[in-house]
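S.K.: Here is how the chains run, residue by residue.
There are 4 protein chains.
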Amino acid sequence: MAIHLGANQYGKAENRVVRIYRDTPRHQIRDLNVSTALRGNFEDAHTTGDQSDVLPTDTQKNTAFAFAKEKGIGAIEDYALTLGARFLDASPAAEGARIEVEEYAWERIQVDGQDHDHSFVRTGGGVRNTVVNVEGRGAERKSYVVSGISDLVVLKSTGSEFHGFLKDEYTTLPETNDRILATSLVARWRYDHTEVDWDKSYDEIKGLLLSRFATIHSLALQQTLYGMGEAVLEQHPEVAEIKFSAPNKHHFLVDLSPFGVENPGEVFIAADRPYGLIEATVTRDDASDAGSAWHATPGFC
Amino acid sequence: MAIHLGANQYGKAENRVVRIYRDTPRHQIRDLNVSTALRGNFEDAHTTGDQSDVLPTDTQKNTAFAFAKEKGIGAIEDYALTLGARFLDASPAAEGARIEVEEYAWERIQVDGQDHDHSFVRTGGGVRNTVVNVEGRGAERKSYVVSGISDLVVLKSTGSEFHGFLKDEYTTLPETNDRILATSLVARWRYDHTEVDWDKSYDEIKGLLLSRFATIHSLALQQTLYGMGEAVLEQHPEVAEIKFSAPNKHHFLVDLSPFGVENPGEVFIAADRPYGLIEATVTRDDASDAGSAWHATPGFC
Amino acid sequence: MAIHLGANQYGKAENRVVRIYRDTPRHQIRDLNVSTALRGNFEDAHTTGDQSDVLPTDTQKNTAFAFAKEKGIGAIEDYALTLGARFLDASPAAEGARIEVEEYAWERIQVDGQDHDHSFVRTGGGVRNTVVNVEGRGAERKSYVVSGISDLVVLKSTGSEFHGFLKDEYTTLPETNDRILATSLVARWRYDHTEVDWDKSYDEIKGLLLSRFATIHSLALQQTLYGMGEAVLEQHPEVAEIKFSAPNKHHFLVDLSPFGVENPGEVFIAADRPYGLIEATVTRDDASDAGSAWHATPGFC
Amino acid sequence: MAIHLGANQYGKAENRVVRIYRDTPRHQIRDLNVSTALRGNFEDAHTTGDQSDVLPTDTQKNTAFAFAKEKGIGAIEDYALTLGARFLDASPAAEGARIEVEEYAWERIQVDGQDHDHSFVRTGGGVRNTVVNVEGRGAERKSYVVSGISDLVVLKSTGSEFHGFLKDEYTTLPETNDRILATSLVARWRYDHTEVDWDKSYDEIKGLLLSRFATIHSLALQQTLYGMGEAVLEQHPEVAEIKFSAPNKHHFLVDLSPFGVENPGEVFIAADRPYGLIEATVTRDDASDAGSAWHATPGFC
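In the order they appear, the protein sequences are chains E, X, R and P.
What the first sequence shows, in this note's numbering, is residues 513 to 813, in sequence order.
What the second sequence shows, in this note's numbering, is residues 513 to 813, in sequence order.
What the third sequence shows, in this note's numbering, is residues 513 to 813, in sequence order.
What the fourth sequence shows, in this note's numbering, is residues 513 to 813, in sequence order.
Errors might be hidden in some of the hints.
If chains are identical, the list can't say which one is meant, so a pair holds when it fits in one copy or spans any two.
Stated by the list, open to error - In the EDC-like style, the derived pairs of lysine to aspartate or glutamate whose C-alpha atoms are separated by at most 16 angstroms in a straight line are:
#1 581 <-> 709
#2 712 <-> 750
#3 761 <-> 784
#4 654 <-> 704
#5 679 <-> 570
#6 581 <-> 767
#7 761 <-> 526
#8 761 <-> 673
#9 581 <-> 774
#10 583 <-> 774
#11 583 <-> 716
No wet-lab data here; the hints were simulated from the structure.
This is chain E alone, in the form it adopts within the complex:
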């Protein structure tokens, strides 16, 4: 019986890189969580303990911080692409590099109705992220960019139905024509190429996801997600496909009848667990090959 090393990957996860731009009195902040990983021909490191092919995870960390200054941090996609290319160049045994970046959003604090120059408050409304995979050398170099948003908590208080579903002997759910629909949306979209105005694309897609969530009359969370994805693909030719992972955050109507109180869709209990979990992909018929774009992306591979 013979045994061998299969798929593998190693790197430094969750480097909390904070970059301040302070060339003028009006500072800017980029607040990132950066995870990097290399994969490839690392048999010796595993089987004999010989680390001569292994660029330490500590070096990956150092590079992530040094590049924040040397290369700067514009769009997180550009920063991730630069890091991925660097790691492949610095690690001859590596076949691929995976760079994941989350960006936390800050707004300027208001003082007397004006934005302050160097004071900020963290905002909610979703966390922007990207996953970049870089593979190959020289003319074979390929780069894949999947960007997205997580923790986008949305709710509509009407305009959501759920009925006409399949029933079996374990089905007790009543049909409804009016319920609360709420989710903590995770969306990730794969770009067809890297010639993209990343910030503009992200802002528009986020806006589109929100407005479609609001305006689609929902017959199921599946149908809402599909409509959201369809709109993104229709209006964003740079996007090849989009994937969603959306917990159905149940809001159960509370029965107030024991107290002689009617409750026509007004008082709900927000439940924690269990929750529905809807995952869906919306894609173009002629989408480019995904290659390693979705490599090791939790919940999306």
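Given the coordinates of chain E, work out where chains X, R and P should sit on it, guided by the hints.
M.R.: This is chains X, R and P only, laid out in the frame that chain E set:
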């Protein structure tokens, strides 16, 4: 040797009450986390297991949901005061009721530049809360209101120094004239009475905390907090005292010199643990007696 | 109108101190989370920003790590007492020091039925902790020790009833003679003095809490907690009082009747929120004065 | 441009199923977290909102609870296989079912040196889990079982080196011949077939992972993981491959030299972020085809 029951309290924690106002097509949402508790003469429940004085926590939960409809939810302080009074009335053995409410903020989703009628996105920027204690019966009834904000994450990228501190043989910290100052602020202020426009007071105090954080040139987090509290007391006569609990979320300057790169206050690593923790009270000389206002408020008693 | 600084405290929280004893091939590990704080006359630090009385939180951190080597770590109570005394001595403006230590438990890994010398696996079954407050100088020095356990998750599948409770118009809870009783226990006991064999006392009290939970036929969680506390006080003269904070982790019987299936106390859903929360103190009639023993202990003050 | 639905899956996540066996006075408890999902031809649900092919997630929940009684819960693998087959049978449009189960371990409470009949304390030492995928109908039915353990926190205080690694201009890490090695292990192994004594296999594999972690002299976490996996494959012919995801939980030696104190590998600070993250697969040369075994398993696909 005799043994007896000391301080005690029981209730239902973290009722996730969601109230939709839908009388017009333009819905409103109040999204709360409600914890209620009673304290008093509950010896029998503990020593003999006789529950005849105990209003079940399940009943407390039912009341929190029923009142969301029967009484409605305006300012969380009013809702909490109403619940507290109710529980004292319904429970003859109780001497005090403690009601804690957190409110999660939602904004309307934008569709074509307009606020949508019934679709919302959860925002960040702090969680509003209140702790209400109600005691006594009839003419002896007293109500205490402590309101506050948590999870208000703020950062300033300059305008913060730390030097001139006490040194002993374990001191290695260099002095600095320019550092990042960041915290996840928890502030709680005790109202002097209950004749308050709660929403207006909260909005103004939150704005004041933010603007003072921005404009105070900081010599230490202690000094920043004191200045923030002082401003609140100066401008809000309805506030008797204010307490802060503020982790000093360290951002360490990264040493890039091994790579021949200068780092003049531009690249930082945001650390998790350990963190400084600064707790302070700012109070009026003539503040009213706190009574049970701070009863069982974690970190503030 | 005059404003002044009230109660205050500052320190370094959550120092993750790991101490290995390796004087022989059979290593030992102490794995701690240490939080330290000073309180006292720190007006200048707050009002003028003058830090000359402030021993930096960074120095507190350094001391916690240095003492792990210089003084060693035996029982966490001794380590905390030593740190508290040190900080008071090093900080003339301080009136009190508060040291909180959590200890994570490890067991030796079994290899061929033998305990390994230097390999360990983290166990559950509760986290031991202590809160030590030290005050005063010279002959006035007082030290208070409150030790405890958290995250002790226990459940009994029968032997628990709940009935005969007070009812009002919002009461719908059915009475029951057989339910699951489960909690994630937090217990903290105040020692009457510091002449205690800390490890022995902790081990015996933990064992007693568990065995009493098991053997008390429960008429309510309140009664179970009281009985547990009473046993501790009866058998441990070194303990002045004991406090509990115990969520009633509800396990609801699932209604399987729609599927023609009986469910005589066999299938439950474990709920997250809301949960009952029972807090109680059991004390001696002649308990010593608590002084600052419970100072700033979340949930217990 | 045409757009279509791609990969999709829906179900009910995190059903907290607790099953008590109480046929004799000596009760038994199975405490599970169950997530179920269906995938297949659900285009209509997404594109037109027609739910006639959709077995509600609520029904999946009901079935998970009902089967806990009707079928009982033995090994979690058997329970998951039964649920998966049921859902495929009940849902004609489904092509595959994915069932994930975590099991929380409880020990009997000791009373006077004896195991109590119906009182339990939750233990640590890792969470057992399984992911079962069932596909096809009739003779085409295939079932895949991947079982594993998570949250297995292990540490060795010596016997770990790291040197001889690749260096570039961003490398500053010193080489070491003696460091702490610690991880919170996640391991998942794919069974070659379903004719397995699940409990016995799990217990032995867990024991083997622990003992190999202890006894392998480590030259890198990669090499330790490989050795652990190799041992499992050598001794467990029922296992086709095993995958690891292991954070390198860094313990940094604290520099006590500023205080004139030596620190020969005795005092460490346990860091939170960043952490190394090592992922590796160990597989047989003649492993069976994985099919959908790793479908949607976060971190392992």
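S.K.: For every hint, state whether the structure bears it out.
M.R.: Okay, the hints, checked on the actual structure:
no., hint, in the structure
1, 581 <-> 709, "neither (22 angstroms within a copy, 49 angstroms between copies)"
2, 712 <-> 750, "within (12 angstroms within a copy, 46 angstroms between copies)"
3, 761 <-> 784, "both (7 angstroms within a copy, 14 angstroms between copies)"
4, 654 <-> 704, "within (12 angstroms within a copy, 35 angstroms between copies)"
5, 679 <-> 570, "between (55 angstroms within a copy, 11 angstroms between copies)"
6, 581 <-> 767, "between (58 angstroms within a copy, 11 angstroms between copies)"
7, 761 <-> 526, "between (28 angstroms within a copy, 12 angstroms between copies)"
8, 761 <-> 673, "within (15 angstroms within a copy, 33 angstroms between copies)"
9, 581 <-> 774, "between (61 angstroms within a copy, 8 angstroms between copies)"
10, 583 <-> 774, "between (62 angstroms within a copy, 13 angstroms between copies)"
11, 583 <-> 716, "neither (26 angstroms within a copy, 42 angstroms between copies)"
Going down the numbered hints, you'll see the structure goes against 1 and 11, while the others check out.
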